[in-house]
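**Student:** Using the sequences plus the hints, can you model the full thing?
Protein chains in written order, with this note's numbering: chain G, 25 to 99; chain P, 25 to 99.
Watch out, some of these pointers could steer you wrong.
If several chains are the same, the list does not tell them apart, and a pair holds so long as it fits within one copy or across any two.
As the list claims (entries may be wrong) - Keeping only pairs whose Cα atoms sit at most 25 Å apart, straight-line, the calculated DMTMM-like set for lysine to aspartate or glutamate is:
hint, residue 1, residue 2
1, 52, 40
2, 73, 42
3, 73, 40
4, 73, 92
5, 51, 64
6, 51, 92
7, 73, 54
Don't read these hints as lab results, they were simulated from the structure.
Given next are the chains, with one letter for each unit.
2 protein chains.
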Amino acid sequence: MSLRGVGADLRCRCIETESRRIGRLIKKVEMFPPSSHCRDTEIIATLSKSGQEICLDVSAPWVKRVIEKMLANNK
Amino acid sequence: MSLRGVGADLRCRCIETESRRIGRLIKKVEMFPPSSHCRDTEIIATLSKSGQEICLDVSAPWVKRVIEKMLANNK
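**Tutor:** In structure tokens form, the structure reads like this:
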């Protein structure tokens with residue numbers, strides 16, 4: 025269900041991640057590198073309309089594509 | 025000086041961006057895709073120790089490398 029957990033700084037933020045593609049517009053993507061509190065990189069997308077936060081699967085190819093597209097989108 | 029602006033939702037967040045490499049540890053990277061308020065993708069890094077927020081130059085090769093490294097770091 026890809027929920028973002030609470031008490032974010034003492035453990036991993038993501039309990040589960042979403043591997044299916046998000047078709048809806050993304051307002052923001054947050055990336056947290058591995059730290060002493062969480063050994064995995066965590067990526068959390070905030071949706072434009074609902075403001076809902078969704079943990080993304082770092083290893084999913086579509087996630088990588090979304091981020092690469094954002095990097096390329098510097099007009 | 026790559027500062028993050030205030031009133032973030034009505035205009036671009038970054039007034040200037042940092043193109044030089046940040047040697048210090050990054051706690052979080054936020055990516056904002058282009059929107060009606062800002063036509064550029066914006067990337068803001070939060071430093072681990074100081075919590076300082078720094079706007080990164082999306083077109084700088086080292087920025088792309090940092091993000092690609094984070095994507096690959098899923099242990």
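**Student:** Quick one: residue 73 to residue 42, C-alpha cut-off 25 Å, is that within a copy, between copies, both, or neither?
**Tutor:** within (18 Å within a copy, 30 Å between copies)
**Student:** If the cutoff is 25 Å on CA atoms, where do residue 51 and residue 64 land: within, between, both or neither? Let me know, please.
**Tutor:** both (23 Å within a copy, 13 Å between copies)
**Student:** Between the shortest in-copy and the shortest cross-copy C-alpha distance, which are at most 25 Å for residue 73 and residue 92: within, between, both, or neither?
**Tutor:** within (22 Å within a copy, 28 Å between copies)
**Student:** Can you give me the call for residue 52 and residue 40, within, between, both or neither, at a CA distance of at most 25 Å?
**Tutor:** both (19 Å within a copy, 19 Å between copies)
**Student:** Using 25 Å as the alpha-carbon threshold, which applies to residue 73 and residue 54: within, between, both, or neither?
**Tutor:** Close inside one copy (17 Å) and across copies (18 Å); limit 25 Å.
**Student:** Using 25 Å as the alpha carbon limit, work out where residue 73 and residue 40 are close: within a copy, between copies, both or neither.
**Tutor:** within (22 Å within a copy, 28 Å between copies)
**Student:** Between the shortest in-copy and the shortest cross-copy C-alpha distance, which are at most 25 Å for residue 51 and residue 92: within, between, both, or neither?
**Tutor:** both (15 Å within a copy, 20 Å between copies)
Checked against the numbered hints above, the structure breaks none of them.
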